[in-house]
Structures are given as structure tokens and as C-alpha cells.
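Going down the list, the sequences are from chains H and P. Mapping of the first sequence onto this note's numbering: position 31 corresponds to residue 17, and the numbering continues sequentially without gaps. Just remember that this note's numbering sits 2 ahead of the position in the second sequence, which is counted from 1.
Just so you know, these hints were derived from the structure itself, not from any lab. Glycine residues also receive a C-beta, built at the ideal position from the N, C-alpha and C atoms.
Among the chain P residues that face chain H by a calculated CB cut under 8 Å, a handful are:
hint	residue
1	Ala68
2	His71
3	Phe89
4	Val92
One letter stands for each residue in the lines below.
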Amino acid sequence: MVYIALKDRNFNPWQELDRHCQNPANSGQGVHNGANAVFVGTMRNQNEGNDIQSLFLEHYPVMTEKELLRIAHHTKEKWALSDVLILHRIGHIMPGDSIVLVAVWSSHRLASFEGCREIMEDLKQKAPFWKCETLLDGRQQWVSQNTPGQMGHGLGAASAMDQ
Amino acid sequence: MIESPSSPTQYAKPQSMTLQVYYFASLRELLGKSEEKADISDAATTAELWCHLNPDHGWSSSILCAVNHTYATADHALCDGDEIAFFPTVTGG
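Bound-form chain H, shown alone (with noise of 0.2 Å):
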């Protein structure tokens, strides 16, 4: 099964998850799943040595559904995962709030660990949202471009610039 939404206030990803599997209709906490990933991306205060007071978080109405659900289907067939679940932010988001949620289940972890990582890349190139940053001196500026995934080694030693 795939879920998304679209969320327009602040949300605890943990609280979210748990609501997600305590669903009967979700096949998440199926005995026959012995993998689940789970990534969560947090707004952080500096981006690009900038003091961010705030975000804003534009996104194209129907599209934006859309293409998560897209990626969602196409990686849930590629990897036969049992379940995706997607959350993301929209509008104004404050340091520390959740920005997007990705969990996925699978049998095994392979597919639970790509699966993730790929939702996660193919929504960060693909899904159209727009961050504007709010610094602390007010100007406002819009995020140019993302920064890149790590692949390979060093995974999991993520820089400070990095989510």
C-alpha cells in the first residue's frame, strides 16, 4: 500500500509512523515484513553558512501529489516493497520541524534500505516544492539547488551541510 500527504503544520514523524501501523488497512506491521527503513529530513537554522530564521515551503498544488505518488508506486514495484509511506511539509516551517517523512517496508532489508534512499533522491530531483528562507536579518532567498546525496563510502557520515 502507498500513502501520502501533504502536511500543512508542523507533524511528529514518530507519532505519524506509529498511527500509520496501528491502521489495520496497513500491511506495515504484517509479520511476514522484516525490514522497515525509515528516513526523516528535519529543517535545520544555517543552510550555505546562512543563519536561517525561517522556511517557506512553495509547492504546485495536484502536481505535488502527484508525482510523490508516483515515485512512491515506482519504486514499491521496483523493490517489492509491502508498504510506502510519505509525509511533507508545506508552508511556513520553523528550526526543528519535521520536513518530510519516508518509511518503507519489505521482507528483507535490501529493499527496505534502496527503497528509502531512492524515494528519498527521486522526491528531492522530481516532486515540485520550492524552499524560501527567511534569514535572521529578514532578507528572504530562495534555495537554488539541493544538496547531493553521499553514495558509496563515507555513507552515514553526513556532513554539516547535508541532510
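Starting from the known structure of chain H, fit chain P onto it as the hints suggest.
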């Protein structure tokens, strides 16, 4: 004897299209508009539509576009009633 058409309607008329256009993020701010309706009398592609609507801002490969909520290329042929969106690099996640 040379026959001529009895009425101008015998000639093919250019196809007329009405399109809904949206601009997002920094492109919206650059152009000073978030949306507009376009009435085009000739068949157009997404890049041609951009040039028609924004003659002071040339087409660039950094401009992304979508037609009816699906990513499209610069040479995508438009149809009457299409919704087109132009936007910069996406930065979600």
C-alpha cells in the same frame, strides 16, 4: 477555367488554443506574475509558448515545465485546454 474557392472557409484555419499558464517560486518573482491565460492561434510547443508570453526573457534549459501536471520537454506540442506550469529547479525534501 481556373476555379477559385467560393468562400474563405474552404481554406484551413489556424488552430486556436486557450491555455492556462502558471509560474512558481523565483520565476514568478522574476516575471512579476503567477498565472495567465494564453490565447494562441498557431500550434505551439512549451518553449514557444514561453517566448510568446515572456519576450523579454529568453528560453533557458534551466526552466522546467509541466503540462497537465506531468513533466514535459521544451518541444512538447500543446493542445487546447492544456495547463502549463513553468518553474525553477525543485528543492523539496
